[in-house]
Each structure stands twice: as structure tokens, then as C-alpha cells.
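Q: Each chain, written out:
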Amino acid sequence: MSMVALEESLRRLGEVKAPARLAEMVMDRFAVLDTPLGPFFVAWNHDGVSAVYEVRHGEPAFRAWFEDRYRRPLVRSESGPPESVLRRFDMRGVAPFQRLVLEKTSEIPRGEVRTYSWVAREIGHPKAVRAVGTALATNPMPILIPCHRVVRSDGVIGNYGAGGPLAKRRILDVEGVWVGELEKLARRGVRFLGSDTTHVFCMPTCRHARRVSDEHAVEFHSEREAFAAGYRPCKVCRPAEAA
Amino acid sequence: MDFERMFHEHQDRVFAFCYSMTGSRAEAEDVAQEVFLRAWRSLREWDDKRVAELSQRAWLHKIALNVVRNRVRASQSRPPLAASDAALAVVAAPGRAPESAVESRWLAERVAALPPPQREAVVLVQVQGFPYAEAAELTGRPLNTVKSDVHRGLASLRRMLEKEEVLVG
Chain A
340 MSMVALEESL RRLGEVKAPA RLAEMVMDRF AVLDTPLGPF FVAWNHDGVS AVYEVRHGEP
400 AFRAWFEDRY RRPLVRSESG PPESVLRRFD MRGVAPFQRL VLEKTSEIPR GEVRTYSWVA
460 REIGHPKAVR AVGTALATNP MPILIPCHRV VRSDGVIGNY GAGGPLAKRR ILDVEGVWVG
520 ELEKLARRGV RFLGSDTTHV FCMPTCRHAR RVSDEHAVEF HSEREAFAAG YRPCKVCRPA
580 EAA
Chain B
201 MDFERMFHEH QDRVFAFCYS MTGSRAEAED VAQEVFLRAW RSLREWDDKR VAELSQRAWL
261 HKIALNVVRN RVRASQSRPP LAASDAALAV VAAPGRAPES AVESRWLAER VAALPPPQRE
321 AVVLVQVQGF PYAEAAELTG RPLNTVKSDV HRGLASLRRM LEKEEVLVG
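Same order as they appear, the protein sequences are chains A and B. The numbering of the first sequence is our numbering, which starts it at 340 and goes up by one. The numbering of the second sequence is our numbering, which starts it at 201 and goes up by one.
It should be emphasised that the hints constitute simulated quantities derived from the structure, not laboratory data. Just so you know, even glycine gets a beta-carbon here, dropped at the ideal spot from N, CA and C. You can trust all of the hints, since none of them are fake.
Under 8 Å between C-beta atoms, here's a sample of chain B residues computed to sit facing chain A:
1. 204
2. 207
3. 212
4. 236
5. 237
6. 241
7. 308
8. 354
9. 358
10. 361
Heads up, simulated DMTMM-like pairs for lysine to aspartate or glutamate below, C-alpha to C-alpha not over 20 Å straight-line:
11. B/347 - B/334
12. A/356 - B/309
13. B/262 - B/227
14. A/356 - B/234
Short, incomplete list of chain A residues facing chain B, as computed with Cβ under 7 Å:
15. 345
16. 348
17. 349
18. 352
19. 353
20. 357
21. 361
22. 364
23. 365
24. 412
25. 414
Chain B with its partners taken away, still in its complex shape:
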């Protein structure tokens, strides 16, 4: 098993997952590091057959999901969004898709602030492009629950966007 190759193949996807789950680049780096170290430790113990049958992308996301869940449990509180962040809303003009780094940060912070089940569902399905069925398997929740979590998560993101646009507009 060529760990280095696996790392280079998946590092961007894993990092994007960690970034949208935590809303912070620094935290995303720590989580992604932990994910790959855990993956390496598992691969070391497994036999070739088990490694060959592995769906790397789903497996790495499963580990990442666990790392994020454990960290939230460990800290138990999410710091509130800094007041200055509201000012960034100005760049997300209505109907315009985020293009710059500032905008993706702005959005990641709001996604990360969603209640955990909605955040997991929105990130897996909307950000990472997993089918609903796979998202259900990864989160260990029923398919219909995941669907409604995505729906509710999107609705609340949209409400946040509209509110903050009014705020700065």
C-alpha cells in the first residue's frame, strides 16, 4: 500500500471536508493531519486483501467524521463567530457565487455553525458530492433523515445569507 500516493490523491478532498466542517483553516489542518495519521496506523495493521478492497475516499471521510465528532465532544463549545465576520457578508452579493478565498471562508464558517446532523449532511452531499445513500451510511443515519437534514441545512443557510445581506446592505 503506497501511503504517499493515497495522501496526494485525497488530501484536497479530505481538507475541503475538514474545512467546511470546522470553518477554520487552522483547525482543518489539525483534523486532516489526524485523519491521515489514523489512516496510516490502520493500514499498517491490515492485510493486503483488506487494503485492496478499501474504498479510500469513503473510508477517509468516515475517519474524518469521527475525528470531528470526537473533537466537538472534547471541546463541547464552538466559539461564536467574530463580529468582524459580518462585514465579510458584503462580498456575497445576491445571486453571485463565491469566487474568492474570503467568500469560501465566509461560507465555511456558516456551514460549520449548523447543528451537527445538518452540517454533516450538507457537507457530505452538497460540498463533497456524495450520494444520499452513501452519506446515510457514513453518518449512520436513515436515508430520509439525511435528506431532510440537507434540506433544513440549506434552508437555514439561505436564511442566514439573506439576513446578513440585509445587515450590511
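One chain only, chain A, in its complex shape:
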């Protein structure tokens, strides 16, 4: 190969094009997404959704919050996030404990709720109930990571970062949770519902508990009471560790 040909080849090497995904590796994009609680800003990148933020605070506040938190640029997108992106989350900017909490929370099905202590036990930190509360209160992706599906075990729906307790009730209502019923049970101290045909007990909103007809439903005030009555915890909602 002549020197001229080599120099020409090197010059052509300089014409290599950047892959399309480089832009997504560098800049997060955002658009406005309609949710049951009204419009929210949603930011995303090639790893998934990175932030959800209330539109009423304004775009400059969203930008400032995002860029300070993640130290990455955020640019406006012409179109909304692709459907596939909304199912994935970019957890790189989330601390390890909060990440555990958020990942566990995203497993709670629509139409059901769990308690803060349930999340704490499921992630292997049964005593960190308060820390779970804090982790959910600062959820950077509310609505899409359903922190609204975590409530207090005494029946209080609890606070909600994206619009307060009323917003939390509203979105649970939209998802088909009977918030009023749940509160009534909790006020009477009922934590679990069992079936006297299967001898399985559940979290009250578990889809298996809701299938039990009234004449077969049994109320329990604690897991100890349920175990003493010879019931075992449901394998789907896992209301307690198996005895």
C-alpha cells in the first residue's frame, strides 16, 4: 500500500459517523405525558424513564431539578416517549437502597396496595419501614413507579409527593382500589383477609382475596392470629413470611 493510499484511508476513517444512540447516551429527552393526575413531564433516555415531574411547577424548575440531580443535559423532545420506554426505568442516578424500594414497588399490581412494612420486609430490611417511606416520598418517577400503591398499615392512605393525599386517593380510585372499604377495614384493625375454604390469607386488596365470597371471608388482625388459626400466607401477595 502506498503512503498516499494510507493517508487517504486515514482521512476516510475520520468520516465515520456517530451511532444514532450516542445522542440518547448523552442527553435525556422530555415531553408532557397525560396521566390520571393530569399532565406530567416525563424524561427518558436509552435505559428507560429517568424522571417524572409535575407540570404545574413549570419547565425551568423541572430542568433545574433534573440537571442538578443527575448532572446530565435535558432537552425537549418533539414527540412523546415510545411505548417501550415507559416500561423500563433508568436507575443509574438512584441510590442503592432507594433502588431496591422502587424496584419492589413497581411489582405491585394495578388495583392493589401494599404497606410500607411489606416493602421493607420484601427487600430484606424489615426494620427500615421509615426509610422506605422516605425513599418513596422522594421517588423521582411517581405514577410510573407506583409509590401511590404503598399505604400505611393503620389504614391511613398517607402522603403523596405528586400532589398530596387527595391525589393519591384519586389515582388509587382510578386504578380500581376501593379506598373507602380499605380504610374501614383498617379502622377496625383488620390487616388480612382469609378464605375458610382454602385456609389462605391475603393482603386485603390481593386479587385472590377479592375473589373470596363474603360467607367464606375471614378477617385477621395480625399474622400471628392467622397462623394460629391454621392459615398460610398467599404466595402471590405474600402478606407474611411462611411460618
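Given chain A, work out where chain B should sit, using these hints.
A: What follows is chain B alone, placed relative to chain A:
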């Protein structure tokens, strides 16, 4: 400062630099990402006057050079070229300029395998088209050193090409 515009204007040049410095597309993506994130973080802190006076192309290359140098220091060893790569030499027939992606990969891998000063000089001057004086400023080396590094780098690339052509021919 419109970061998005700067990104779109320079992404190909920066990527080409990273690709010929690392010899790997995957690594080049990581380096280019790091370059633009560092650039954005700096621009955020600077006042408008400083931003306006910036020569973006040279500045981005300066950052890229630092990122590559730091990564080499961090890993300290370059994996040897895979044995199968020798087979790719067959496409670089003597006197024919590389045209396909395979050929540019083949060449990028060999450029990346040059000793660091030669690699930097060859990439800045021959691949990216910087004048010698600017390459000297970017690398922080004397002009004459950069000139001889380019010369030696080219000579050793040519030797590699001839050797591998014999190998597969």
C-alpha cells in the same frame, strides 16, 4: 449556549476521534458520551463571554484526548488484537483505499495499537485534519516532536499493512 446544537454539529467528528483512538466502536461510544457530558458540565459553570470565545472543535478534542489518556491509565493494558482480525487484512488489497466498514475497523484497530504519542499525532493530523501546530497545542508536545510522531506512526502503519498482506496473501 445551545448544547444540543453543539452536540449535533460535532458528534461525528468526536466519535471518529474516539473510534480511531480506541479501535473499538463500543469503547468509542463510552468515551464520546463522557466527552459530551464533561463538556456540558463545564459549559454550565462558564459565563457567556467565555463560552462565546470557545473554539468548540478544538476544545472537544482536548477533552476527548484527556478522557482517552485517563482511561488508558486506568486500565493500563490494551487487549491484544484478536487472531481472527488478521483474516480481515485480505480486504485491504495493496493500493486500494478502505471503503467498507470492515476496512475502517481494521485500520482503526491498528491505529489504536500505535504507541500513545504516535497514535495521538496520527489521529489528530491524518484522521482529523488538524494542522501540526494545533495538534502540538492539543497534545502539549513540541511541534517537531509531533511531526516526527506522525512520520513514525505512518511508517509503522505501513509496515503493519505490508506484513499482514503478506500473511494473508
